[in-house]
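Enquirer: Read top to bottom, the protein sequences are chains A and B. For the first sequence, the working numbering gives the first residue as 19, with consecutive numbering after it. For the second sequence, the working numbering gives the first residue as 19, with consecutive numbering after it.
Derived from the structure by calculation, the hints contain no laboratory data. Take every hint as true, because none was put in to throw you off.
Copies of one chain are not kept apart here, so a pair can be met inside one copy or by any two copies together.
List of simulated lysine to any residue pairs, SDA-like, C-alpha gap at most 25 Å:
| # | residue 1 | residue 2 |
| --- | --- | --- |
| 1 | K168 | A119 |
| 2 | K168 | R194 |
| 3 | K28 | R95 |
| 4 | K28 | D128 |
| 5 | K168 | Y111 |
| 6 | K168 | N124 |
| 7 | K28 | M53 |
| 8 | K28 | A119 |
| 9 | K28 | Q40 |
| 10 | K168 | F215 |
| 11 | K28 | D89 |
| 12 | K168 | S38 |
Protein chains: 2
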Amino acid sequence: MADLVFLDGKFLPRQRAHISVQDRGFLFGDGVYEMIRASGGRMFEPDRHLERLESGLRALRIGVGTPSRYDLLEIARRLLEGNGLLAGDATVYLQITRGAAVRRHNFPPDATPATVFVSAATFLPLEELRHRGGSAITQPDTRWSRCHLKTVNLLPNVLAKQAAVEADVTEAVFVRDGFITEGSSTNVFGARDGELFTHPTSNHILPGITRAVVLELAAEIGLRVRETPILAAEARDLDEMFITGTTTDVLPIVRLDGRPVAGGVPGPIALLLQERLAERLEGPTRPLPLREVVA
Amino acid sequence: MADLVFLDGKFLPRQRAHISVQDRGFLFGDGVYEMIRASGGRMFEPDRHLERLESGLRALRIGVGTPSRYDLLEIARRLLEGNGLLAGDATVYLQITRGAAVRRHNFPPDATPATVFVSAATFLPLEELRHRGGSAITQPDTRWSRCHLKTVNLLPNVLAKQAAVEADVTEAVFVRDGFITEGSSTNVFGARDGELFTHPTSNHILPGITRAVVLELAAEIGLRVRETPILAAEARDLDEMFITGTTTDVLPIVRLDGRPVAGGVPGPIALLLQERLAERLEGPTRPLPLREVVA
Numbered sequence: 019m020a021d022l023v024f025l026d027g028k029f030l031p032r033q034r035a036h037i038s039v040q041d042r043g044f045l046f047g048d049g050v051y052e053m054i055r056a057s058g059g060r061m062f063e064p065d066r067h068l069e070r071l072e073s074g075l076r077a078l079r080i081g082v083g084t085p086s087r088y089d090l091l092e093i094a095r096r097l098l099e100g101n102g103l104l105a106g107d108a109t110v111y112l113q114i115t116r117g118a119a120v121r122r123h124n125f126p127p128d129a130t131p132a133t134v135f136v137s138a139a140t141f142l143p144l145e146e147l148r149h150r151g152g153s154a155i156t157q158p159d160t161r162w163s164r165c166h167l168k169t170v171n172l173l174p175n176v177l178a179k180q181a182a183v184e185a186d187v188t189e190a191v192f193v194r195d196g197f198i199t200e201g202s203s204t205n206v207f208g209a210r211d212g213e214l215f216t217h218p219t220s221n222h223i224l225p226g227i228t229r230a231v232v233l234e235l236a237a238e239i240g241l242r243v244r245e246t247p248i249l250a251a252e253a254r255d256l257d258e259m260f261i262t263g264t265t266t267d268v269l270p271i272v273r274l275d276g277r278p279v280a281g282g283v284p285g286p287i288a289l290l291l292q293e294r295l296a297e298r299l300e301g302p303t304r305p306l307p308l309r310e311v312v313a
Numbered sequence: 019m020a021d022l023v024f025l026d027g028k029f030l031p032r033q034r035a036h037i038s039v040q041d042r043g044f045l046f047g048d049g050v051y052e053m054i055r056a057s058g059g060r061m062f063e064p065d066r067h068l069e070r071l072e073s074g075l076r077a078l079r080i081g082v083g084t085p086s087r088y089d090l091l092e093i094a095r096r097l098l099e100g101n102g103l104l105a106g107d108a109t110v111y112l113q114i115t116r117g118a119a120v121r122r123h124n125f126p127p128d129a130t131p132a133t134v135f136v137s138a139a140t141f142l143p144l145e146e147l148r149h150r151g152g153s154a155i156t157q158p159d160t161r162w163s164r165c166h167l168k169t170v171n172l173l174p175n176v177l178a179k180q181a182a183v184e185a186d187v188t189e190a191v192f193v194r195d196g197f198i199t200e201g202s203s204t205n206v207f208g209a210r211d212g213e214l215f216t217h218p219t220s221n222h223i224l225p226g227i228t229r230a231v232v233l234e235l236a237a238e239i240g241l242r243v244r245e246t247p248i249l250a251a252e253a254r255d256l257d258e259m260f261i262t263g264t265t266t267d268v269l270p271i272v273r274l275d276g277r278p279v280a281g282g283v284p285g286p287i288a289l290l291l292q293e294r295l296a297e298r299l300e301g302p303t304r305p306l307p308l309r310e311v312v313a
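Could you put the whole structure together from the sequences, leaning on the hints where they help?
Expert: Given below as structure tokens:
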């Protein structure tokens, strides 16, 4: 099956998708991105992802020639279809940068078109890990103070995730001023006495789509929720800890910095939210058999 | 004259220099760079630049297939020659990223070769501005806490420089916890009662090559120097303020946030350091006439 991607107005094989060395994504990390989950060809919460993308583009004032939300969705659909990803799990990746121009820090000339890159790939959910529970290490949150923007200035996240891989754990969890902010590519939740905790949306965390969905699911279930940061020093006293993300879903964390959290086993709240999220991913209006028809 | 650049082992025209959409420079800003000044075909302090580049590569653990310092210098020399930049002022730009691979935050497979990009361009020194003096605005230092690394995670610098351009000033100067750290692409100095001040090297500033040279020149001249940060609120009480950088040289700042600094005119210390730096740029062993012979 061809691995088609979309770049600057054209569909082409991934190996032939090249950008200029003068692209401001390459030179400055001057762009934003999104990763959307697709299940059986159906994208999960695409509007929220594209709304966040647009909000990032507005904040950074990137916009020349950027496709409409409708066009981006259509491009994503065509990639899922063209790459044989209408069955099973997949991800759609979208990145928009401020385009290619002679290198200078300030914005390029007004007419410089943005670079638009979209790709789709098959994806293997972490089924087994999700049931068994994952592990994490803490890392100092060295990032800038505009983490609510989903930019490709991702070097601190890269280094934190690499530290996690080398420590043989699932995720690295950032700690700023003693508080857990979020993971290198996930949001972090805790539960104690039946109450759910997570860092409030602020300039120090990404407003995760899965985070928002989990908060909705928690409300549906009737859980009390407090958007307040978790003290890293108190994390191991939680009844449960879990991380959320587009490719992570709801993943219980049962070890932190080498020591058990919450008795070292996934807790009931995480497992319940996991189940409810899976139902949402399947889609409320399209039961399982239909997926196979579409595929 | 052809605009040749060097990319991944080959010299080729800039318009044909393209990288994969999977390059980690594009996806994560996962790389470092240097800008070297050349004058009459002679690079200024190339060893210090390449030493800083190597130190950044070591810190980020990028290294597979990276050319030696000798090879990078040779590539730069060939670009200066091939692009007709042996006379006048030019800059050499070098960028090395962690290469192209399937997108995931942690490092790619060990054998993934780094992407090496080198280019050279003509450059017009800010002669008139340097004599008249420039202006600056302050901007909150929103950057991460590893600013000593010269990475391409440059979005905060981009936004600060754009704010400067829109305020019709020369540079944006970052303020962290009330103190001036550095400019968006320069270091900042102040002078009071014959004493020079600049932010100490730390994780909050780039150890500028021109900064280091200016400190040496100050010592030669016999100026007292204190590497201590300048309080933004006290900046206008300085006798002089100036910024330094590879393409900025020594540039007096005579207005800050719309109000005069140091009487609104360049001070004697900045002008003296400017002159001494110009002598160094010309090179101690190669007086002016010889440049024309080489060209």
